[in-house]
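*Asks:* With the hints as constraints, model all of the structure from the sequences given.
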Amino acid sequence: MKPPLWQSIGFYILVGVIVLQALFPFYYAILTSLEDGQALFEVNYLPRALNLANYQAMLSGGVFGKQILNSVFVATVVVILSLFLAVTAAYALSRIRFRGRGLLLLTVLSVSMFPQIAVLSGLFEVIRYFGLFNSLWSLVFSYMIFTLPFTVWVLTTFMRNLPIEIEEAAIMDGASSFTIIRRVFLPLMWPAMVTTGLLAFIHAWNEFLFALTFLSTDSQRTVPVAIALISGRSEFEIPWGNIMAASVIVTLPLVALVLVFQRKIVSGLTAGAVKG
Amino acid sequence: MSKTVQKSRLSRSRTRSAWLFLAPMLLTLAIVAAWPLGRTIWFSFTDASLDLMGEARFVGFRNYLEYVAWGDGEGQYYGLLADARWWRSVWNTILFAVVSVSFETVFGLIIALVLNQQFRGRGLVRAAVLIPWAIPTIVSAKMWAWMLHDQFGIINDMLQTIGLIAEPIAWTASPDTAMVAVLMVDIWKTTPFMALLILAGLQMVPGDIYEAAKLDGVPPWRVFRKITLPLIMPAVLVAVVFRALDALRVFDIVYVLTPNTDATRTMSVFARENLFDYDKFAYGSAASTLLFLVIALITITFIMATRMDLEGKRS
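These protein sequence lines map, in sequence, to chains E and B.
Once you know that position 215 of the first sequence is 215 in full-length UniProt numbering, the rest is easy, because the numbers rise by one and skip nothing.
Once you know that position 55 of the second sequence is 55 in full-length UniProt numbering, the rest is easy, because the numbers rise by one and skip nothing.
The set of hints was computed from the structure by calculation and includes no laboratory data.
One thing to keep in mind: the hints can contain errors.
[Said to hold, decoys possible] So the derived label-pair ranges between C-beta atoms look like this:
| hint | chain 1 | residue 1 | chain 2 | residue 2 | range |
| --- | --- | --- | --- | --- | --- |
| 1 | E | Arg48 | B | Leu50 | 45 to 51 Å |
| 2 | E | Gly10 | B | Ile165 | 27 to 33 Å |
| 3 | E | Gly16 | B | Ala244 | 27 to 33 Å |
| 4 | B | Pro220 | E | Gly62 | 56 to 62 Å |
| 5 | B | Arg9 | E | Leu103 | 21 to 27 Å |
Glycine included, each C-beta is placed from N, C-alpha and C at the ideal position.
*Replies:* Shown next, in the form of structure tokens:
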């Protein structure tokens, strides 16, 4: 029962359109980033030049390199910290029966629905109070608001589905809860931790509103804000080539992550929602 | 007897360690979420300014609505609820949320149906579809700002080549098309998320249903209408609510793609402008509080309506 020819041709055209629309803007950004001077202002559909001047301009100044390191630092620390806090919390929420557990989980989950703007003014005060304004720690700290609820939720669901037998023996032997987490659960949790860690990393890498508000000097900024603030002397001198080069540089690691960890990312994204 | 005593001591010690394990996470969330939210709401009832937060005085509902009498029997309403710019941004936000989520659902459904088929290179197509989602919002906004450029943009070039438009359009600068531009970028960027959620729903539909329908000779469109769609409806609904909540707080795309225009200013953008650009900290806090209330109401309704399975009893 093979479908008729026109149907499979139609199907592959549809697939082609889907792939083309998904990739074209990124392709065009790469193409633009390789053009310089006048070439920039002629619309090309296929690459004509291979000019690395824009990349040199972005990377030689030093500030953009520092900004990339800022982003790497913030995203990495956010991942480590939220995984650590979430694993212990998820253990308590999934393996120990106590009163108020459901309500607690509901509260944690509801935090992920908070609009960032709703906490912005209060958080601004807290960050000034702790003396963290214009410090990268202000971002590490504030990003917990969106990484923690999600990480706790996914890890809790994952842990809940592990069979009870695996910890019974350890409890009988009198192992402490912390030992149980470290010796029994951590080795089993890697898949879920890689998934949530990846999503937390991508989220922290891309965040804009907090980074725009809590950092004030160029050398402290993370890359999304840096790119948003690249400007020329006037509206007509916006350095599009530089902007596209910077965009390609910060997006390439993410594209690589998506290609390598495609399955993990998909399962993490859907775990957050479908399980509801 | 002695066994139950022992058991309850064990369970009590486990309960204690549960709270011990939860404490760091709960404390963090209290400092980054609960307390700031409370302060935002408090600021909205004060005359706080950016530099004098500590000395904020309670002023009641003045930031929300206040009637100032001019003394001759006439007067005027002031405050957020009487601010035409605020209502314009409420309208923009709702328009943005409804249109973007509708298009994303339709496109997401189409892509999910395609990805649910068996064909060569499916893994690669799925990875390609994910890429717009992974690109930082700011970067997508900039990429599209360049493609939508009025003089050198490739979109105008394409549309002129195929003869759809005669003159180049100033997509992001003109008030008539600014919202269209924002919607275009958001739909492009977020459809993958929708597609993946719907795809997860599609993959839970047992394959033998399709087999049976095929044997009975049911045409594909009817299979979709009568079997597939009802079965994936719960997944689609969850995805729609998630996206709608996300769309209502939209900030990045609007802020970067079309700064400073009444045509696209959303509630989040309005709030931030007042908080940090116009030095109307209390007024901005009032706007933030209202946005929070709207989203909280929708969330609570959603949780009640679906009776979410939090204790894990059903699984």
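*Asks:* Next, verify each hint and record whether it holds.
*Replies:* Each hint tested on the structure:
{"no.": "1", "hint": "E:Arg48 / B:Leu50: 45 to 51 Å", "in the structure": "holds (49 Å)"}
{"no.": "2", "hint": "E:Gly10 / B:Ile165: 27 to 33 Å", "in the structure": "holds (28 Å)"}
{"no.": "3", "hint": "E:Gly16 / B:Ala244: 27 to 33 Å", "in the structure": "holds (31 Å)"}
{"no.": "4", "hint": "B:Pro220 / E:Gly62: 56 to 62 Å", "in the structure": "holds (59 Å)"}
{"no.": "5", "hint": "B:Arg9 / E:Leu103: 21 to 27 Å", "in the structure": "holds (25 Å)"}
The structure is consistent with each of the numbered hints, conforming to all of them.
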